[in-house]
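2 protein chains.
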Amino acid sequence: MADEENFTETNFQSEQAFQEEPEAFEKNEVLASPTLVEVDDELITEFRELIQLHSVSVLTNLLLDLYPADIAHLINRLNNDEAGYLFNLLDADAGSQVITMIDETHRTSLYELLGRNRLSSLINKLDSDDATDLVSEMPALIAEQVLEGLDKPSQSEVQELLQYDPSTAGGIMAKEFLAVQANDTVHRAIQAVRKAAKTVKDIFLLFVVDESGKIVGEVQIKDLLLHTPNRRIRNIMNRDVITANVFLDQEEVARLFKKYDLVVLPVVRLDGTLVGKITVDDVVDVMEEEASEDMYRMVGSDASEIEKKSPFDVAKMRIPWLLASMGLSLCSGIIISFFNETLTRVILLASFMPVISAISGNTGLQAAVIITRGLALGYISPSQWRKAWWKEMRTVGLMAIVCAIVLGFVASLWSKHLSFGVVVGSSMFLSMSTAGTMGTLMPLLSKRLGFDPAITAGPFETTFQDVIGISIFLGLSTYLLSWISS
Amino acid sequence: MADEENFTETNFQSEQAFQEEPEAFEKNEVLASPTLVEVDDELITEFRELIQLHSVSVLTNLLLDLYPADIAHLINRLNNDEAGYLFNLLDADAGSQVITMIDETHRTSLYELLGRNRLSSLINKLDSDDATDLVSEMPALIAEQVLEGLDKPSQSEVQELLQYDPSTAGGIMAKEFLAVQANDTVHRAIQAVRKAAKTVKDIFLLFVVDESGKIVGEVQIKDLLLHTPNRRIRNIMNRDVITANVFLDQEEVARLFKKYDLVVLPVVRLDGTLVGKITVDDVVDVMEEEASEDMYRMVGSDASEIEKKSPFDVAKMRIPWLLASMGLSLCSGIIISFFNETLTRVILLASFMPVISAISGNTGLQAAVIITRGLALGYISPSQWRKAWWKEMRTVGLMAIVCAIVLGFVASLWSKHLSFGVVVGSSMFLSMSTAGTMGTLMPLLSKRLGFDPAITAGPFETTFQDVIGISIFLGLSTYLLSWISS
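Residue numbers (the numbering used here), protein chains in the order written: chain A, 1 to 486; chain B, 487 to 972.
Isolated chain A (complex conformation):
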């Protein structure tokens, strides 16, 4: 009997919830239906002209036709004044979404341009993770004033999130999650969803906690439709919840999402208390960031910050790497100077130096990239490195044989001396094998020592192979040529 009562209550609840709807419907009407538009030069010119003419109403209507992501794309292509003008035409909803998506240069100029109150009200509309990202990049003075202007709950959420390292689970999580007690009924959970639906945009999962706030399960929203309202959540929840603790590195978080095909991941303190959630769209950004970082490091540059800095800053960042690389390749120069006598005697050797260094550089780099990427994606674990190393070594061995024969043949023809071909070919074989060995071992070693393996798979690798390749080539030539001529 009590059950049925509960039942009816749920329904009336549903009727009441309905009263809010007209507003939602109206909003839908006002927003109309955005269309996917290609933000091309033509569209940008059109907006530029309208901004110069101050055609507020035309612009406002055009903006209603665009998705926030496309508006952000458009603003990125305008100058700061135009961007500010256009941004001011956006309503609070669109504005709060757009500001998270435009590039940092434009955002910084908006921080100066918009009043503190406007900034606070935009940030109030954001999920706590996005709000925290923005506040943390603002100049300290503005950040403080904006924080003060936030609603109390948002304020304390952002203040909490600011304390975590931005590259950990705590640093990327949001506080907007929905949790119910294991002893709650389905009916109560539905009420909780209805209440939260006003403030939380996407709800796919409910987390389930015990009395002390520790996570014990999760329930998909669809499951609430499958059970009677008086059923206890503990009886319908999924108990196999994968969680991340607040200190977990974001790269590990991304790996959890990938491995277990997650959409939402609850974040817990060390004692298991639920404190936040990470959604898959944040992780997608993390994954691209990590992949870019690896690629940039491979060429002795650093992270995607590059997009945002001035050429002067970028040059300042890259020059130390180039100079280090220069120092290393001067070692090749010194080695060459030791063999001046051989070189002057057989000047044709000089013509084969670029080949030896290019091919052994490539071989080392290939091996290093294969291992580095394998480590990053988790194919290769540092504990089972032998298999990967051995496979790469056999590959390199085969390639070295082919390249040595081809180059030896070319060298014999060019010099019209078989012995010269033998010297060049053997050097090619030896320096490729060394390059392959170093190329596989260096990333594994740096992973063991706690460095980022991507650093070893770059210009250092190739320059280092240069030194070794040239030493082998000139050393072997001097030895073999003196032996042949004696």
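Hints are computed from structural coordinates only; laboratory data are not their basis.
A hint or two may mislead.
What the hints assert, rightly or not - A few chain B residues that don't get close to chain A, going by computed Cβ distances all over 10 Å:
1) Ser614
2) Leu627
3) Gln649
4) Asn669
5) Phe733
6) His903
7) Leu904
8) Thr920
What the hints assert, rightly or not - One-sided and incomplete, this derived list gives chain A residues near chain B with beta-carbon spacing under 8 Å:
9) Tyr67
10) Val284
11) Thr395
Quick reminder that beta carbons are idealized off the backbone N, C-alpha and C, glycines included.
We have chain A; now place chain B onto it with these hints.
Frame of chain A; chain B shown alone:
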């Protein structure tokens, strides 16, 4: 009145749905709670020993404690016989999940090992996208027999999906989506969810179609809880649906997910008819695949297939690249032979050749990677390339000045001739500037011409810079030195 009737019906429906629950609950009990286990050498040794002892019951219990992803990880570390033995201990649910996650070598051996009936029943349990992936990689004969063994609906789904190019939206979509008519009521939509919940694992969104099957909107499951059962879906749906057509390239699909923070994307035919869905976990795989492909191409290798092939196959794939690279660097050799006279006269020039080629190679590669990655992530569009090019050129200019001064200084000290330093420094500046220009323009050009820019950001780039750098260096030296000595 009619409304209230509807209402009540929904509730009884809910009571009826409840009858299925005991089964679900029981299943939960049987599966127990898996725990996150580190698949380390110790665990693998333990499993190996138990497999040798044929301890079926112990192994079965241990497997119940593992997530399918971890079981797959474990199987990847075993040999084919052990893997087959362990796989046979899995029930149909676990088995169907595990088989999609193990590596291709082990999977191929399972295709031979398992009977056609067992394979068909495993594949019946999979979502159509995963089922299609497996069927498409099976040997033709097995694939045919397995297809025949599938349930009729699965069979026709897989046959449909097999027709799409695997790297397009059609090739990665699944047929398991839930669609309701715009004129349906919330009540009917809830019934549809209940019915689908048996077969579709994760339901977060309902798609809304018109009479002809064209997509017109979408509804979050939680929205069904917010409205009265008799309300029409058309009044509560979100009309701003982003769709992909079946022929869209998977890289573009990934970009849509990233740009619009999507979780599920409906796939439509050219006329707008809804034919499938793509979920974010598939896209995460696509993104990693594309990033890996770019990295591998940069070093003249190809895609992640490498992980699966024998050293012989890998070597066969990489050798043509190495030989092409060899041919290109032999051009450097020919150029050097033109300057034999200069070299023999000032043999110290030979010592500076590796520095010139290493630094201009690095500079070109950095520029190429920055532009390639920018193109891949969409920061840089081929139409607005001038800005990116100009920024990189200014950066390179600054770096070239610094490197030229440092190297010129070193060369003066080493040779004890200021003029020698001037020659080396000017060559450094010129070859770095050329490298930067080529490094930025080549990826942009290949994007324009429809090639993958990643190919230009690799060993060809550096070897090509070698040829140019050495020509500039030796040419300029010969000219300036003859001018100085005259």
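Results for each hint:
1. Ser614: At roughly 16 Å from the nearest Cβ of chain A, serine 614 of chain B sits farther out than 10 Å, so the non-interface label holds.
2. Leu627: Holds, since 30 Å exceeds 10 Å.
3. Gln649: holds (26 Å)
4. Asn669: Asparagine 669 of chain B is indeed farther than 10 Å from all Cβ atoms of chain A, at 17 Å.
5. Phe733: Holds, because the least Cβ-Cβ distance between phenylalanine 733 of chain B and chain A comes to about 16 Å, which exceeds 10 Å.
6. His903: Since the minimum Cβ distance to chain A is about 15 Å, histidine 903 of chain B lies beyond 10 Å and the statement holds.
7. Leu904: Correct as stated: the minimum Cβ-Cβ distance to chain A is 19 Å, above 10 Å.
8. Thr920: holds (16 Å)
9. Tyr67: Holds, because the Cβ-Cβ distance from tyrosine 67 of chain A to chain B comes to roughly 7 Å (cut-off 8 Å).
10. Val284: Status holds, d = 5 Å.
11. Thr395: holds (4 Å)
Figure legend: structure checked against the earlier numbered hints; every hint is met.
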